[in-house]
Amino acid sequence: MSLLTIKNLNARVEDKEILKGFNLTVNPGEVHAIMGPNGSGKSTLASVLAGNESYEVTGGEVDFDGKNLLDMAPEERAREGLFLAFQYPIEIPGVSNVNFMRSAVAEIRKHRGLEPLDAKDFLALMKEKKELVELSGNLAGRSVNEGFSGGEKKRNEIFQMAMLDPKLAILDETDSGLDIDALRIVASGVNKLKTKDNAFIVITHYQRLLDHIVPDFVHVLYNGKIVRSGTKELALELEEKGYDWIKEELAEA
Amino acid sequence: MSEIATKSILTELVSGVEGQVASCKLSQEAEAFLAKTGIPSKRHENWKYTNIKRLFDNGLTVVNSAYSVHTSELNLANTISIGLTNDAVTNKLPTINGVDVFMADGKTELLGSTGIHQKEELAALNTALFQNALVIRVKKGTELSSTILLNQRVELEANSFANSRVLIIVEDGASAKLVHHFHGTKNSDSSLLNHVTEVFVGQNARLELNYVQEIGEGNLMTTTEVECQRDSNFTTNCIQLSGKLLRNNLNIRLKGENIETHLNGFYMLNGKELFDNHTHVDHLEPHCESNEIYRGILAGNSTGVFNGKVFVHRDAQKTNGYQSNNNILLSDDATMNSKPELEIYADDVRCSHGSTTGQLDEEAVFYLRTRGLDEFGATALLLSAFASDVLNAISSEELRTILEQKIQDKLKGMRA
Numbered sequence: 390m391s392l393l394t395i396k397n398l399n400a401r402v403e404d405k406e407i408l409k410g411f412n413l414t415v416n417p418g419e420v421h422a423i424m425g426p427n428g429s430g431k432s433t434l435a436s437v438l439a440g441n442e443s444y445e446v447t448g449g450e451v452d453f454d455g456k457n458l459l460d461m462a463p464e465e466r467a468r469e470g471l472f473l474a475f476q477y478p479i480e481i482p483g484v485s486n487v488n489f490m491r492s493a494v495a496e497i498r499k500h501r502g503l504e505p506l507d508a509k510d511f512l513a514l515m516k517e518k519k520e521l522v523e524l525s526g527n528l529a530g531r532s533v534n535e536g537f538s539g540g541e542k543k544r545n546e547i548f549q550m551a552m553l554d555p556k557l558a559i560l561d562e563t564d565s566g567l568d569i570d571a572l573r574i575v576a577s578g579v580n581k582l583k584t585k586d587n588a589f590i591v592i593t594h595y596q597r598l599l600d601h602i603v604p605d606f607v608h609v610l611y612n613g614k615i616v617r618s619g620t621k622e623l624a625l626e627l628e629e630k631g632y633d634w635i636k637e638e639l640a641e642a
Numbered sequence: 038m039s040e041i042a043t044k045s046i047l048t049e050l051v052s053g054v055e056g057q058v059a060s061c062k063l064s065q066e067a068e069a070f071l072a073k074t075g076i077p078s079k080r081h082e083n084w085k086y087t088n089i090k091r092l093f094d095n096g097l098t099v100v101n102s103a104y105s106v107h108t109s110e111l112n113l114a115n116t117i118s119i120g121l122t123n124d125a126v127t128n129k130l131p132t133i134n135g136v137d138v139f140m141a142d143g144k145t146e147l148l149g150s151t152g153i154h155q156k157e158e159l160a161a162l163n164t165a166l167f168q169n170a171l172v173i174r175v176k177k178g179t180e181l182s183s184t185i186l187l188n189q190r191v192e193l194e195a196n197s198f199a200n201s202r203v204l205i206i207v208e209d210g211a212s213a214k215l216v217h218h219f220h221g222t223k224n225s226d227s228s229l230l231n232h233v234t235e236v237f238v239g240q241n242a243r244l245e246l247n248y249v250q251e252i253g254e255g256n257l258m259t260t261t262e263v264e265c266q267r268d269s270n271f272t273t274n275c276i277q278l279s280g281k282l283l284r285n286n287l288n289i290r291l292k293g294e295n296i297e298t299h300l301n302g303f304y305m306l307n308g309k310e311l312f313d314n315h316t317h318v319d320h321l322e323p324h325c326e327s328n329e330i331y332r333g334i335l336a337g338n339s340t341g342v343f344n345g346k347v348f349v350h351r352d353a354q355k356t357n358g359y360q361s362n363n364n365i366l367l368s369d370d371a372t373m374n375s376k377p378e379l380e381i382y383a384d385d386v387r388c389s390h391g392s393t394t395g396q397l398d399e400e401a402v403f404y405l406r407t408r409g410l411d412e413f414g415a416t417a418l419l420l421s422a423f424a425s426d427v428l429n430a431i432s433s434e435e436l437r438t439i440l441e442q443k444i445q446d447k448l449k450g451m452r453a
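Listed in order, the protein sequences are those of chains A and B.
Throughout the first sequence, residue numbering follows my numbering, covering 390 to 642 in sequence.
Throughout the second sequence, residue numbering follows my numbering, covering 38 to 453 in sequence.
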């Protein structure tokens with residue numbers, strides 16, 4: 390059974406239609422890359438799937454692991470195993486990473502019918518996952534993302550993903566603006582977390598990330614829907630030729 | 038002014054004055070001041086949003102309470118507790134090494150020496166009417182390791198008016214921590230507790246004075262008048278949790294060089310509550326620092342008032358003055374009136390002030406929800422973070438934890 394099935398999804402923000410009949414199926418164990426020019430609807434897709442109420446879904450269906458995703462509140466989606474790595478992670482002064490993660494892990498474990506972790510096991514989990522993304526030792530006490538560099542914020546997203554162990558993770562331009570070292574750390578974190586049971590949707594502008602996280606499928610999103618799908622060779626082609634040839638082809642059609 | 042004329046001002050303002058007034062210089066001065074001012078109405082700049090006169094117009098009768106034994110609701114270790122009921126103090130005062138604890142009336146020259154009874158109307162009324170003040174004198178060089186808890190239960194019936202009074206003296210080189218807890222759940226909304234604390238912090242002395250105010254439906258007015266001498270450190274934290282009307286006047290005079298003072302407040306309002314904090318810091322001498330952070334969360338139809346003034350006098354060069362007031366409104370019907378003020382007459386100072394009033398950061402709430410926290414959990418986490426800058430100024434972790442719990446409890450009530 391597929392993990393995520395999106396059928397004819399339409400969504401708008403304020404009065405602007407952004408997604409116009411978006412379709413996608415993701416199976417466990419797969420990595421899908423979604424590429425596309427600015428304004429094509431990539432981040433809208435991520436926001437809509439995570440449950441951001443600024444976006445209005447005007448049509449279509451989303452099935453997530455047998456359940457109607459669009460009926461769920463953002464926290465229910467998270468508890469069911471959906472994770473969004475934000476393009477622009479939010480700074481939350483005064484809330485420490487450790488308190489934040491303790492609350493989040495407790496909610497998710499409760500939902501899965503697991504016993505709460507005791508303090509020792511929780512800290513051990515923090516330590517293990519922190520090392521995965523090479524975050525420095527004093528992360529726990531620091532306020533969430535406050536004063537973090539761009540790279541640290543993105544690594545913190547991957548760290549949170551590792552802590553919450555989702556079935557489906559959506560990475561919204563996690564690579565944008567990263568130097569090569571940070572990119573390598575982020576990618577290797579993702580690769581270590583990848584199993585045959587979970588799946589990733591990697592939204593990106595740049596083919597560079599896909600050298601490190603190798604996708605099973607590459608989709609081109611343009612004007613609110615997928616206009617082309619292929620394998621990783623499609624990403625290379627896009628890198629070389631840009632998006633204009635696709636736009637031209639569509640204009641001719 | 039004749040004695041008859043001045044007496045009449047008290048009987049004009051409140052009932053039950055007969056036999057209350059000790060005729061001494063202090064009370065005469067207070068009455069003379071009141072005869073000129075009366076009780077301030079909303080036309081008075083300092084009382085623009087808080088109608089205390091209405092309580093007087095509605096009728097208040099002076100009461101003298103009897104002390105009734107009650108245990109503290111703040112379960113703090115290593116604490117010496119002194120009980121009060123309304124204006125009455127327990128007759129079992131504790132014996133503390135290096136500290137004098139005793140009762141005094143208006144004839145004691147220690148009382149009123151800040152001059153507050155000739156500056157503020159409600160403090161003047163308190164001075165004319167209080168029977169016995171609790172005096173705590175921490176003697177020279179005493180470093181008190183225990184915290185002194187003033188456990189004041191407020192239980193006032195309709196139209197009752199009580200006047201309680203405390204004097205705290207921390208002598209040169211001494212240090213102390215106090216928690217003054219005003220609490221009560223059975224107060225009439227037509228009653229008033231009018232409290233005055235005078236504070237003297239000696240040279241190189243330290244004092245942390247924490248207020249916790251939760252009096253249900255009642256009305257509470259406090260005046261805290263503080264004088265600090267050189268090289269001293271005075272911190273005050275005020276946590277306001279419930280009351281129909283809570284008004285705090287806090288005045289701090291920095292009378293020597295190299296004084297550090299911190300004023301922090303956190304208030305949480307719901308329903309029709311009105312909490313009002315007026316603070317005034319006088320920088321009189323060079324090289325002093327004042328830090329002020331007041332923060333609040335307002336829900337329901339509540340109204341908050343913050344008026345903070347930092348006054349840097351001409352001689353107070355090299356002053357560092359920092360003041361901020363931040364508010365989160367959880368309801369469209371809640372109102373915050375914030376007025377930070379700086380008045381500077383010295384030319385070599387560093388001062389800043391700011392005020393923000395807004396809603397909870399919706400993006401942050403969403404971010405937390407995408408990690409599995411529900412809306413209430415996310416809100417509670419953000420609000421407790423907002424409060425933490427103030428709460429962290431309280432040195433007792435135990436007290437902080439209790440207050441955090443009280444804040445969470447009130448928040449849960451707001452959701453209902």
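These are calculated hints, taken from the structure and not from any lab test.
One thing to keep in mind: the hints can contain errors.
[Unchecked claim] Straight-line Cα separation of at most 27 Å, BS3-like style, residue types lysine-lysine; simulated pairs:
#1 A:K556 to A:K621
#2 A:K516 to A:K556
#3 B:K443 to A:K499
#4 B:K156 to B:K144
#5 A:K499 to B:K85
#6 B:K73 to B:K223
#7 B:K85 to B:K309
#8 A:K499 to B:K79
#9 B:K79 to B:K90
Outcome of the hint check:
no. : hint             : in the structure
1   : A:K556 to A:K621 : holds (22 Å)
2   : A:K516 to A:K556 : holds (22 Å)
3   : B:K443 to A:K499 : holds (25 Å)
4   : B:K156 to B:K144 : holds (19 Å)
5   : A:K499 to B:K85  : violated (51 Å)
6   : B:K73 to B:K223  : violated (35 Å)
7   : B:K85 to B:K309  : holds (17 Å)
8   : A:K499 to B:K79  : violated (53 Å)
9   : B:K79 to B:K90   : holds (8 Å)
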